[in-house]
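Given these sequences and hints, build the entire structure.
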Amino acid sequence: MKKLMIAAMIGLAACSAEKKATLATGPWQAHLLREDGGDIVFNFDLADSSGKKSIHIINAGERMLVDDVRQEGDSVFIRMPFFDSEFKTALQPDGSLQGLWIRHLADKDVSIAFKAIPGIADRFLTASPSKHNVSGRWPTYFTSADGKDTSFAIGEFAQNGSEVTGTYLTTTGDYRYLQGVVDGDTLKLSTFDGSHAYLFTAKVENDSTLSSGVFFAGITNKEQFTAKKDSSAKLQDATTIATVKETGATLDFSFPDVNGQKVSIKDERFKNKAVIIQISGSWCPNCMDETAYLSDWYKQNKDRGVEIIMLCYERTTDFDKSKSAVQSFIKRFDVTYPVLITGVTPSDPQKTEKTLPQLTALKGFPTTIYLDKTGKVKEVHTGFNGPGTGEHYETYKKEFNHLMDGLLQ
Numbered sequence: 001m002k003k004l005m006i007a008a009m010i011g012l013a014a015c016s017a018e019k020k021a022t023l024a025t026g027p028w029q030a031h032l033l034r035e036d037g038g039d040i041v042f043n044f045d046l047a048d049s050s051g052k053k054s055i056h057i058i059n060a061g062e063r064m065l066v067d068d069v070r071q072e073g074d075s076v077f078i079r080m081p082f083f084d085s086e087f088k089t090a091l092q093p094d095g096s097l098q099g100l101w102i103r104h105l106a107d108k109d110v111s112i113a114f115k116a117i118p119g120i121a122d123r124f125l126t127a128s129p130s131k132h133n134v135s136g137r138w139p140t141y142f143t144s145a146d147g148k149d150t151s152f153a154i155g156e157f158a159q160n161g162s163e164v165t166g167t168y169l170t171t172t173g174d175y176r177y178l179q180g181v182v183d184g185d186t187l188k189l190s191t192f193d194g195s196h197a198y199l200f201t202a203k204v205e206n207d208s209t210l211s212s213g214v215f216f217a218g219i220t221n222k223e224q225f226t227a228k229k230d231s232s233a234k235l236q237d238a239t240t241i242a243t244v245k246e247t248g249a250t251l252d253f254s255f256p257d258v259n260g261q262k263v264s265i266k267d268e269r270f271k272n273k274a275v276i277i278q279i280s281g282s283w284c285p286n287c288m289d290e291t292a293y294l295s296d297w298y299k300q301n302k303d304r305g306v307e308i309i310m311l312c313y314e315r316t317t318d319f320d321k322s323k324s325a326v327q328s329f330i331k332r333f334d335v336t337y338p339v340l341i342t343g344v345t346p347s348d349p350q351k352t353e354k355t356l357p358q359l360t361a362l363k364g365f366p367t368t369i370y371l372d373k374t375g376k377v378k379e380v381h382t383g384f385n386g387p388g389t390g391e392h393y394e395t396y397k398k399e400f401n402h403l404m405d406g407l408l409q
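Sequential numbering of the sequence shown, starting at 1, is according to our numbering.
Think of the hints as simulated: they come from the structure by calculation, not from any bench. For clarity, every value in this text was computed on a predicted model and none was experimentally measured. Ideal placement from N, C-alpha and C gives every residue a C-beta, glycine not left out. Heads up, some of the hints might be wrong.
[Stated by the list, open to error] Across the chosen pairs, the derived CB separations fall in these ranges:
1) Thr-209 with His-402: 19 to 29 Å
2) Thr-336 with Glu-268: 17 to 27 Å
3) Ala-47 with Leu-105: 27 to 37 Å
4) Gly-305 with Gly-26: 42 to 52 Å
[To be verified] Taking lysine-lysine pairs in the DSSO-like style, the calculated list, with each CA pair at most 30 Å apart, reads:
5) Lys-148 with Lys-108
6) Lys-354 with Lys-331
7) Lys-88 with Lys-20
Listed below in structure tokens is the structure:
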């Protein structure tokens, strides 16, 4: 029903020549309108420089630039820089935007109703002062809607007044930048980056218990969760989730780059050098964070005798479709090392056997493999703690550089 209403409004706005509104610059409050009422709220700033429009999507400390913004009459189109999603909207007489957020998946498109209101910088409005402080570390148990599946994550939150920022850490990565409030005894956190579209709500019973939690993910997914504050909570060691089958094993792979040229780990370029292998994908937000870091690191360190190879597992086995998505990824992060397309999807249960049979099963994206100068696998690290994890990101950088310094000796 929401989709039909939005489509009708887009049509009316497009046909109206009499009622004109201006696309406002400055702060906006945006809503993804789920059918179950779990609307996912986020913010963006819109800028107009000599007719060239752009937005920055805001999640806590992150400002994500989106520079593909077009206005054609009353129609406004916003294309996300990666993750193959876009907004098709219409400017309303009151200055708001209404339309659809569309995700282009491998086999179909899915969409959700969208609205955005200019002039509102708040994430969530609060009705009453916060009764509790949720700052700290929260081991959290999630249960699927049918009760059959469970998962574990650790929430880390910081609260200032009613405002809360933080993230969830998992064995395969983090949920990036979460932002929200404690409204009375209700916690609300959300994020949107073009792939992640999340809302978390829970009752804060005291400073150490979250109950009646609901996790709204994307267009329809929903899970229940509970949490107890525990500063000692830990995740499984990231170097034990996927490992090499035999100590001292070397890798043997060859895949095409975006130009169709085969690149092999056995090529002369990689001999007698330490090599980092990124198990990645253009659809993966945590892979985006890792690539942003490694791309800069490589430019500063490539003369030390190190190489990086990114292996992309895209959502389609079609090379041309994968190529388009991967090229956008390369351009966005100015990747100057080889980026290869495996032709294997991340959902393929045989992905490890088909691409890197020397390893036990790959469990998450990204996974990073470190080879010494003789080509032997020295470490396999599952997941990535990105900049949204604060001190964990700083720890990652220190440990990464310590490991690489050792491999480059």
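Now the hints, each set against the structure:
1. Thr-209 with His-402: 19 to 29 Å: Since the Cβ atoms of Thr-209 and His-402 sit about 38 Å apart, the hinted range of 19 to 29 Å is violated.
2. Thr-336 with Glu-268: 17 to 27 Å: The hinted range 17 to 27 Å holds for Thr-336 and Glu-268, with Cβ atoms some 18 Å apart.
3. Ala-47 with Leu-105: 27 to 37 Å: holds (30 Å)
4. Gly-305 with Gly-26: 42 to 52 Å: holds (49 Å)
5. Lys-148 with Lys-108: Holds: Lys-148 and Lys-108 sit about 27 Å apart, inside 30 Å.
6. Lys-354 with Lys-331: Distance of about 28 Å is within 30 Å: holds.
7. Lys-88 with Lys-20: holds (18 Å)
This entry does not satisfy hint 1, going by the numbered hints stated previously; all others are met.
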